[in-house]
Amino acid sequence: MKRKLLKQISNEWRSNLWLAVELLIISSVLWYIMDYVGVFSTLSAESMGLDTDHVYQMSIKSKPEDSPTYEPYTEEDGYWAQYERVVNRLRERPDIEWVASGSNAVYNYNFSGTWANPVDALPDSASLNTERNNRFWVSADYPKVFNMHGINGETPEQLASLLEEGKIIVTSNVAGGSMTPRDLLNLRVTLGNDSSTVYTIGAVVEPIKRAVFEPAWHTTMLIPTNNQNNVYFRVKPEADRDFVRRLLEESGTSLNYGNMYVADVYSFDTMRENLHHDDYAQVRNMYVCMGFLLLTVFLGILGTFWFRTQQRAKELAIRITAGATRRQLFARLIGEGLLLLVIVTPLALGLDWLIMYYNFNASTQYWGPDALPLQLKAAAIVFGCMSVMIIGGILFPALRAMKIEPAVVLGGE
Amino acid sequence: MKKQLRQVLYDMKHQPVIGIVTMIGTALAIFLIMVVVMMNRVTTAPFAPETNRDRTLYGKFINIKNDATKDNSSAGMTEKLTRRLYENLDGAECMSVFNRREQKDVMAQGKPATLRYVNMTDHNFWRIYDFDFIEGKPFDENDFESSAKVAVISRSLAESLFGSDEAVGQTILVEQKPFRVVGVVKDVSPLSAEAYAEVFTTYRAFGQEGANWGSDYFGPFYCVILAESPDTFDRIRADVQSRKQAFNSEIGEDGSCLVDHGSPFTQSEVYTVRGSNGGPDNSGEILRMFIYAILLIVPAINLSSMTQSRLFRRISEIGVKRAFGSTRGGIVGGIITENFIVTLAGGLLGLIFCFVFGYFFSNMIFTSTGIVRDMDVPLQLLLDWKLYGTALLFCFILNLLSSGIPAWRASRVDPVKALSGRA
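First to last, the sequence lines map onto chains A and X. According to our numbering, the residues represented by the first sequence are -4 to 408, in order. According to our numbering, the residues represented by the second sequence are 86 to 508, in order.
A couple of the hints might just be wrong.
[Claimed, not checked] In silico DSBU-like pairs for lysine-lysine, Cα to Cα no more than 30 Å straight-line:
hint: 1; chain 1: A; residue 1: LYS2; chain 2: A; residue 2: LYS398
hint: 2; chain 1: A; residue 1: LYS231; chain 2: X; residue 2: LYS155
hint: 3; chain 1: X; residue 1: LYS155; chain 2: X; residue 2: LYS329
hint: 4; chain 1: X; residue 1: LYS87; chain 2: A; residue 2: LYS56
hint: 5; chain 1: A; residue 1: LYS309; chain 2: X; residue 2: LYS502
hint: 6; chain 1: A; residue 1: LYS58; chain 2: X; residue 2: LYS222
hint: 7; chain 1: X; residue 1: LYS98; chain 2: A; residue 2: LYS309
hint: 8; chain 1: X; residue 1: LYS145; chain 2: X; residue 2: LYS234
hint: 9; chain 1: A; residue 1: LYS2; chain 2: A; residue 2: LYS309
hint: 10; chain 1: X; residue 1: LYS145; chain 2: X; residue 2: LYS406
hint: 11; chain 1: X; residue 1: LYS262; chain 2: A; residue 2: LYS58
hint: 12; chain 1: A; residue 1: LYS(-1); chain 2: X; residue 2: LYS222
hint: 13; chain 1: X; residue 1: LYS165; chain 2: X; residue 2: LYS222
hint: 14; chain 1: A; residue 1: LYS139; chain 2: A; residue 2: LYS162
hint: 15; chain 1: X; residue 1: LYS502; chain 2: A; residue 2: LYS2
hint: 16; chain 1: A; residue 1: LYS58; chain 2: X; residue 2: LYS165
hint: 17; chain 1: X; residue 1: LYS406; chain 2: X; residue 2: LYS88
hint: 18; chain 1: X; residue 1: LYS98; chain 2: X; residue 2: LYS87
hint: 19; chain 1: A; residue 1: LYS398; chain 2: X; residue 2: LYS98
hint: 20; chain 1: A; residue 1: LYS309; chain 2: X; residue 2: LYS406
hint: 21; chain 1: A; residue 1: LYS56; chain 2: X; residue 2: LYS234
hint: 22; chain 1: A; residue 1: LYS58; chain 2: X; residue 2: LYS329
hint: 23; chain 1: A; residue 1: LYS56; chain 2: X; residue 2: LYS196
hint: 24; chain 1: A; residue 1: LYS309; chain 2: A; residue 2: LYS(-1)
hint: 25; chain 1: X; residue 1: LYS234; chain 2: A; residue 2: LYS58
[Unchecked claim] Covered stretches of chain X, going by a simulated chain A footprint (3 or more residues, C-beta under 8 Å):
hint: 26; stretch: 100 to 106
hint: 27; stretch: 194 to 208
hint: 28; stretch: 261 to 272
hint: 29; stretch: 388 to 396
The hints are simulated quantities; they were obtained by calculation from the structure and are not laboratory data. C-beta atoms are modelled at their ideal positions from N, C-alpha and C, and glycine is treated no differently.
Turn these sequences into a full structure, and let the hints steer you where they fit.
Rendered as structure tokens:
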């Protein structure tokens, strides 16, 4: 059967060549797109390291001296005292669970780097991976706001107590060389060039990413402190409807105090959307392009096989009179299209390999040789999609061919 | 032409499936190509307020290197350096200095604050960009020189703060500082990425004229230059070059050197400058060409394959034509014209899809880096004869690609063989 089909394909080599070239180009372009989309899906599925559902960021600012409502600070009612008042007012709201302040969180590319020097001896051939270490200055309630858990099962409350004790929390990717994340626990370190302050690592948490579409390239350290410019808070899920509007409407009367005012409130969902606006558009364009190419395969196959079944009506009629069932005719036509795809696929894989070799595709750029499983998966998906389109395209002409009446078609012979 | 039109209609009537497949294939190809063209055009085509895009240049970033100390710093400029390098250039009509666009909290007394895009610039801004004033007027040189706290705001901001677009004379608080509204302008699309803002004021009103990043040269300022015409770009650049050389000889005593990355940049270049320490990057252009090629070649192969099959059915007709003295050129011309009619009809359909999609789904296809607002694509960008011309050109290329080889092959058929059914 296969040999006969091959013979038939070679007999009609001219129109099949067009189809083969089309399938080849589309296979490789689709693979490139699937690879790109695959990288984005893999990164989207990775945890951000912080749970940002129902979490908001508030920006509290102070009025400048030339503001008409500015009032000079007093000793009892100074800058930080007024700031603390606003935060406490937020804390007192019944619809808010936890409030914390911090220098940074997720969904921004801010980076405040430092490195860690171990004070205690490390296990043999072990090292700390803190070359790209992002420093978060946070208040004790930060783990509660972001619902953080330690790798040893520490609850957000336990992590908060550790920060309260002055201990630091690090992400598991700080463990370098032959270390395990557990080896980091209770390790004493100094940060950067400052050897005067020794910190103890109180807990280890999962890596924290800066953005959805960026791998956890950085390590992170949570260092306890008090007031920071950004205020983060978690809203009770049942109260999290139209929350920003309600809060802003009430801010003038219930939150602002002295020279301190609420400049803006963002949900982390909004921050994610804003940060990835262009990335989402890019992925969307890729999907549109993929849809177009698949539709093109469908139309090309449909058009070609529509003609082919018309041209080969007599041949198909003879097959029926020679005993072929209509089901066999149907399978033959579908097989012809799929065989063409099978012939083209090794060539397409060769093209894909060239794309990888020259480092043009996203997964190789991100993960190098480790991306092979993703690339194979992308190739398999492309083969599947193309097969579906080919079957879809041949379906109508094949169904028409099944209805051929040999007596009518061969009447003139 | 009439003959070819009749032939196309006959084919459509007798082979409706193929007619529809060809039409949809062509329409889709033209639709996608035109969307890509539109995505590109919004960055360079002139439209209000950036109506002078063809004669604007942008002076952005400086990069100072010192090989001896291994220092390599790059950023925007101080106001002083911006004016020194780019003010009163030979061949320039006007120049405006502006600060980086920032989001600042804006409110009316007693209303909650929201973050709004604020452009801090000078009075020349209004000479370069073409805003439509609903009420009031722009701030002027006196306002700029006197650091007056005045602002022009967009209609949507006026409506959200005061409930109507009549806001002249009202006071808004920008970062809690009071600004008197002197004008209200129609909202502009964020696609005019350089001029877009919701509040326009002077950087002097914020006391930022001396702003710097800890040096005499680096600061938050850029500039936009309006050339007398695109022909004076070379004169402007030559003048900038001589000023850079003079600057270099001044800072060069300790080994420092201003690296030239080609600033000032044209409208099409400025979009491809990725960082403060590099020049225009044309890799996006190569990618775009590749996308055009794929979007043209793939449907062309498809259509070509169908054209060939269609011609195969008409081989005896072509044989008759040849037997009656038709030239090969005539046969090729006829087939290409027939195909062009189909391509044109499909292309028109694709263009209509493109307009509808571009207008109603503008947020899906257009983005303006750094600005998160509705894109509101201006109609004049969609309804433009250049766009029709581009679509027609792509139809023509697609037609040649898809019918050229089949037409050439059909014209070479031996009439005897064609008529005996052996071709």
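Do the hints match the structure? See the list:
For the hint pairing LYS2 of chain A with LYS398 of chain A, the CA-to-CA distance comes to about 25 Å; that is within 30 Å, so the pair holds. Our distance criterion of 30 Å between C-alpha atoms is broken by LYS231 of chain A and LYS155 of chain X, whose separation comes to about 53 Å. Between LYS155 of chain X and LYS329 of chain X, the direct Cα distance comes to roughly 21 Å. Compliance with the 30 Å bound is thereby established for this hinted pair. Note on LYS87 of chain X and LYS56 of chain A: the hinted pairing is violated, with a Cα-Cα distance of about 74 Å set against a maximum of 30 Å.
For the hint linking LYS309 of chain A to LYS502 of chain X, the alpha-carbon distance of about 21 Å falls within 30 Å, and the restraint holds. At roughly 29 Å between alpha-carbon atoms, LYS58 of chain A and LYS222 of chain X fall within 30 Å of each other, so this suggested pair holds. Proposed proximity of LYS98 of chain X and LYS309 of chain A is supported: the alpha carbons are some 23 Å apart, at most 30 Å. Between LYS145 of chain X and LYS234 of chain X the alpha-carbon distance is near 26 Å, which keeps this suggested pair within the 30 Å criterion.
For the proposed pair LYS2 of chain A and LYS309 of chain A, the alpha carbon gap of about 18 Å is at most 30 Å, so the pair holds. With a C-alpha separation of about 65 Å, the suggested pairing of LYS145 of chain X with LYS406 of chain X is violated against the 30 Å cut-off. For a cut-off of 30 Å, the pair hint linking LYS262 of chain X to LYS58 of chain A stands: about 8 Å separates their Cα positions. About 81 Å separates the Cα atoms of LYS(-1) of chain A and LYS222 of chain X, which puts this hinted pair outside 30 Å; it is violated.
Distance check on the hinted pair: LYS165 of chain X and LYS222 of chain X sit about 28 Å apart at the alpha-carbon level, within 30 Å; holds. Restraint check for LYS139 of chain A and LYS162 of chain A: the C-alpha separation of about 16 Å stays at or below 30 Å, so the hint holds. Among the hinted pairs, LYS502 of chain X with LYS2 of chain A is consistent with the structure: their alpha-carbon atoms are about 25 Å apart, no more than 30 Å. Note on LYS58 of chain A and LYS165 of chain X: the hinted pairing holds, with a Cα-Cα distance of about 29 Å set against a maximum of 30 Å.
With a C-alpha separation of about 13 Å, the suggested pair LYS406 of chain X and LYS88 of chain X falls inside the 30 Å cut-off, and the hint holds. With a CA separation close to 17 Å, the supplied pair LYS98 of chain X and LYS87 of chain X stays within the 30 Å bound. Using a Cα cut-off of 30 Å, the hinted pair LYS398 of chain A and LYS98 of chain X holds, with the two alpha carbons roughly 22 Å apart. Our distance criterion of 30 Å between C-alpha atoms is met by LYS309 of chain A and LYS406 of chain X, whose separation comes to about 27 Å.
Proposed proximity of LYS56 of chain A and LYS234 of chain X is supported: the alpha carbons are some 20 Å apart, at most 30 Å. As the CA atoms of LYS58 of chain A and LYS329 of chain X are separated by approximately 41 Å, the hinted pair breaks the 30 Å bound. About 16 Å separates the Cα atoms of LYS56 of chain A and LYS196 of chain X, which keeps this hinted pair within 30 Å; it holds. For a cut-off of 30 Å, the pair hint linking LYS309 of chain A to LYS(-1) of chain A stands: about 18 Å separates their Cα positions.
Distance hint between LYS234 of chain X and LYS58 of chain A is fulfilled; the C-alpha atoms sit about 16 Å from each other, no more than 30 Å. Given as covered by chain A, the stretch 100 to 106 of chain X passes the check, having 3 residues with a CB less than 8 Å from a CB of that chain where 3 are the minimum. Look at the stretch 194 to 208 of chain X against chain A: 6 of its residues bring a Cβ nearer than 8 Å to a Cβ of that chain, three or more, so the hint holds. Only when three residues or more bring their CB closer than 8 Å to a CB of chain A does the claim for the stretch 261 to 272 of chain X stand; here the count is 3, and the claim holds.
Counting residues of the stretch 388 to 396 of chain X whose beta-carbon sits less than 8 Å from any beta-carbon of chain A gives 6, enough to reach three: the coverage restraint holds.
Of the numbered hints stated above, those contradicted by the structure are hints 2, 4, 10, 12, 22, listed in ascending order.
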